[in-house]
Structure formats: C-alpha cells, structure tokens
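Here the protein sequences come in this chain order: A and B.
Taking my numbering, the leading residue of the first sequence gets 1, the next gets one more, and so forth.
Taking my numbering, the leading residue of the second sequence gets 1001, the next gets one more, and so forth.
Everything labelled a hint here was simulated from the structure, so no lab data went into it.
A couple of the hints might just be wrong.
[To be verified] Simulated crosslink set (SDA-like; lysine to any residue; CA at most 25 Å straight-line):
1. A/4 - B/1024
2. B/1061 - A/100
3. A/4 - B/1005
4. A/4 - B/1001
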Amino acid sequence: MLLKSVEYVRPDSVAQAIEILNSNEGAALLAGGQSLVNILKHRVASVDVLVDIATLEELRFVESRPDGSIEIGACITYDELDHSELIHSSHEMIAWVASHIEDQQIRNRGTIGGNCCLSDPTNNFPPLLVAMDATMNIQSSSGMRQVRAEEFFKGYLMTAIQPGEILKSITVPPVPADVGIGYVSLSVGEDSKAIVRSSAWVKLNGVVQEARVVLARVSPIPVRYQPMEEALRGSSATPEDIARAASVIGSDFEPVADSHGSSEYRREMARVVAKRAVLEAVEKVRGEGGSK
Amino acid sequence: MITQSATQAIEVTINGKTYRRVVESRQLLVHFIRDTLGLTGTHIGCDTGSCGACSIIMNGKLVKSCMLLAPQADGAVIETVEGLAHDGELSALQESFRDHHGLQCGYCTPGMLMAATYLLRNNPSPSEEEIRRGIKGNICRCTGYVNIVRSIKAVADGAQLDMGDGVAKEV
Ligand SMILES: Cc1cc2nc3c(=O)[nH]c(=O)nc-3n(C[C@H](O)[C@H](O)[C@H](O)COP(=O)(O)OP(=O)(O)OC[C@H]3O[C@@H](n4cnc5c(N)ncnc54)[C@H](O)[C@@H]3O)c2cc1C
Ligand code: FES
Ligand code: FES
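Chain A on its own, in the form it takes in the complex (with noise of 0.2 Å):
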C-alpha cells in the first residue's frame, strides 16, 4: 500500500525527539508501529514527520526499585517483558499479558508504551495498568510530570500525553504477599481482540481489605466499577460472595454496543469476566492459583 508522503527522522535522545515534536506541528511518534503504521496506511491520521523511538536507549529498560516496585522504559516490547526475569519475579501478570497480545511477530515489535499511547480499547495493557495503579512518568521540554494510569486514558484514541510529550516509562507499584492480580477476557479467538475484559487487584488478609475491579471494552477508556469494589470490601472472598459482588452490575450499567456485542450482552459477560478476574486474584493469594 502506499502512504502519504512523510519525512523520517530518527533522533539520538529523548531530549532532542521532543525539540523535533515541538519544531514541526505534524510531528508523530513511531515506535513499534504496529498500530501506527496501519493508521498511515489507511490514511485516517496526517503525519508529515515519524519521529523513530524505538531503538532510544533511554526508553529501553527494565529495572526494579528498592520500594519492589518496578519501572519500564515506554520502548520495551511485548516479547521483552515475557522473557524479563525481572518482571517474571515480581510483576508475573504483566509478562503474562504481554505473552498474550496477538502473535509473535506483533509481540516482537509492539510496545507497552505504544500499547498505551494508542488508547485502543482493545489493547490489553490499560486495564491492567489500571488495575494495578500503575503511573505514567511523561517527558517534555519543561521537564517530568506523573501520571496515574487511571486519568492517563482519556478517551478512545486519546491520552493525557499533550503535544510535546513523551511517555518515558511506566512505574508499577510492589505486588506483595497478600495482593493477587486476575485478568479475563471474552474473546472469539484465543488471544484475539476482547469482546469484554476485566482485570482486578485484590488485597486479602482474611477478608477483603482493598479491590479495584476494572472493566474494559465496555467504554472508550477502561473503567473502575467501584459498586463492585466496594460490595467486595469487608468479605470472606467466598466464590458466593465474589459472585455477589459481581451481580452489582446492574442495569444502570450501560456498556457500548457495536457489531461484537450488544449492550445488554456485554453487561451480562461484564459481570461474568469480572467475577473469574477476582475469583483469580483470590486464588493467587491463598495460593490456588500459582504466581502473582
């Protein structure tokens, strides 16, 4: 297919690829391009510069912090993060989403920083930064600003990242002992694009200390069902009462609808990936279920 007539430029630092952003208006990043170089193609966006990032080393890194959490370079790719020893000890469910995208030849290429700059609500990395109340570290001229993974997806196709910006890298925070981690999709095909997704983190000592209950493909931007979160507060974890929980998404619960699934489809399985999603993080606690 032929593209639009664009300029390339790779730079040599983050500094100097954001003076590029901020000298031409047109200006877009390139990473692993497996999302933008098929926008191009289709024509649907105008870039007249791809700005090449992906070989920055600056953005290629892995490295955990003496608090257990761990902080990830924008430019490390799915297959990366599924053979990082790193994060296969303390941050397991990341690689294995990551193991999970699609096929090899996209995990080769693809990045978690484009993953989440793309904001596609089918891409499988925001629910889970979400879940995990990860924290976007955003370069620009003016310097490093945070933000956390919950208010960085704003809408579909649309981030908090702002001209002249940069992802630099993703903070996640320490997953102990007592916090498990679930992530469930619908899908029509094994790891194939979501129907309905939900990704939780639960903090259990006995009792349900703490939840975050996060829902994806039903808007734009993955979303927290707090009714959810807090009808878990409190309880045993039961299967029952996980269940019970679950059943709080009602009918004022209005997901979206399209050609995969309607809205009163998606609440129904809404409520069915959200249960597996808890009933997972649970069994990873007491030890049911294997790695965090």
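Go by the hints and put chain B with the ligands onto chain A.
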C-alpha cells in the same frame, strides 16, 4: 541521528548480502524487499499485519515486513525465505514441508517457513500447542494447518536438527 527527510539512504543486509539504496521514507519494508530489490519470495497477503505472509526475520526477531517502513530497517540484518536454502539444498524445514504436504497453493509458505524457523531456533522441541501458538500470526487458507504442524513437528522431533543456518544436517 538520521536526519529528517522524505527520502533516506539506507543500508540493509539481507541473506548475507548488503544493499545500499535511497528510498522514500514512506516505502513499506515489504515493498523495498520485493520491488526495489526483487526478492519476491516474501509475499504480501493482507497488507495490514493480519496474515503473516510477509514475515521475515529482522535482527533475529520474526516481524511482519508490511508493518515496518524501509527506513526503520536501516542498519538491520534480515533473513527472508530466499536465505533458507544453501547451495541449492533446501533447509530441513523446507524438506519437511515438502515431505509432509505442508503446503498447497504456497501463498502462505514463505511466511510460514520464517515463523517456523524462528520458533525452532528459540524452542527446538516445541509441543503441538507451542507450534500452533508459534504460527498463530500466519494464516493459511488451504491446508487447515494440520500438515503444517506435522511438518514442523517432524523437524523438531526428527533427525535434522540444525535450523540455525538453514542447512540440514544429519545427527
Ligand atoms: C494484526 C494486529 C493485531 C493486534 N492485536 C492486538 C491485541 O489483541 N491487543 C493489543 O493490545 N494490541 C494489539 N495490536 C496492536 C499492537 O499491540 C500495537 O503494538 C500497539 O497498539 C501500539 O504499540 P506500538 O509500539 O506498535 O506503537 P505505534 O504503532 O508505533 O504507536 C501507537 C501510537 O502511540 C504513540 N506513541 C507510541 N509510543 C509513544 C510514547 N512513548 N510516547 C507518546 N506517544 C507514543 C504513537 O505516536 C501512535 O499514536 C494488534 C496489532 C495488529 C497489527
Ligand atoms: S501482508 Fe503483512 S501481515 Fe499480511
Ligand atoms: S498453502 Fe495456500 S494459503 Fe497456505
């Protein structure tokens, strides 16, 4: 820094041979490989990253060449299906595809062979499930996959193990 321009002078090594060309920045890597260099073994199916026919190995990683721009490959070392056979001798995997009827029309085959080569390099004895996951990004409209999986499995289990340089060796 590679300077900002609508054309780029790139250097790419494909199957051991280095090519230097000036390309339009908008050119897809698959078109560079097929049209500019004439290496038409790499196919184009969907042109949207969905079918895997254009799969190549770039800097050791399996990628879809319709999902990259040619300038992104500047400095890269690439392997395409043309690089699998050596001195007219097919690789073990290619032989196995022939022996097990792992292709019909052949359209998906170049991409399938590259995906399978990559898989076996990283996991020399995959289970059937691992094989199926390994070729998930590659669509075949003819075979129903059964014989493709069989072809790959036979190499994984079989006597011809050295997939690395594409040369079949008896062990
Ligand atoms: C066939 C196919 C199937 C797919 N299936 C799935 C799937 O099931 N689940 C899933 O999650 N994804 C899927 N994807 C999309 C894939 O995961 C992409 O990799 C991802 O959406 C974008 O990441 P990227 O690194 O490729 O970014 P790009 O395509 O390079 O960029 C995407 C957007 O983010 C911006 N951007 C990138 N990095 C930064 C940064 N550091 N700071 C600021 N802005 C930035 C770019 O300017 C662009 O607007 C699929 C893609 C294909 C082709
Ligand atoms: S042509 Fe590249 S994936 Fe189909
Ligand atoms: S052999 Fe025809 S598409 Fe696979």
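Right, here's what the structure says about each hint:
In summary, the hint linking residue 4 of chain A to residue 1024 of chain B is supported, as the alpha carbons are separated by about 11 Å, within the 25 Å threshold. About 17 Å separates the Cα atoms of residue 1061 of chain B and residue 100 of chain A, which keeps this hinted pair within 25 Å; it holds. Proximity of residue 4 of chain A to residue 1005 of chain B is assessed by CA-CA distance (about 14 Å); at most 25 Å being required, the pair is judged to hold. Taking the CA atoms of residue 4 of chain A and residue 1001 of chain B, the gap is about 23 Å. The hint holds against a cut of 25 Å.
Of the numbered hints given earlier, the model fails none.
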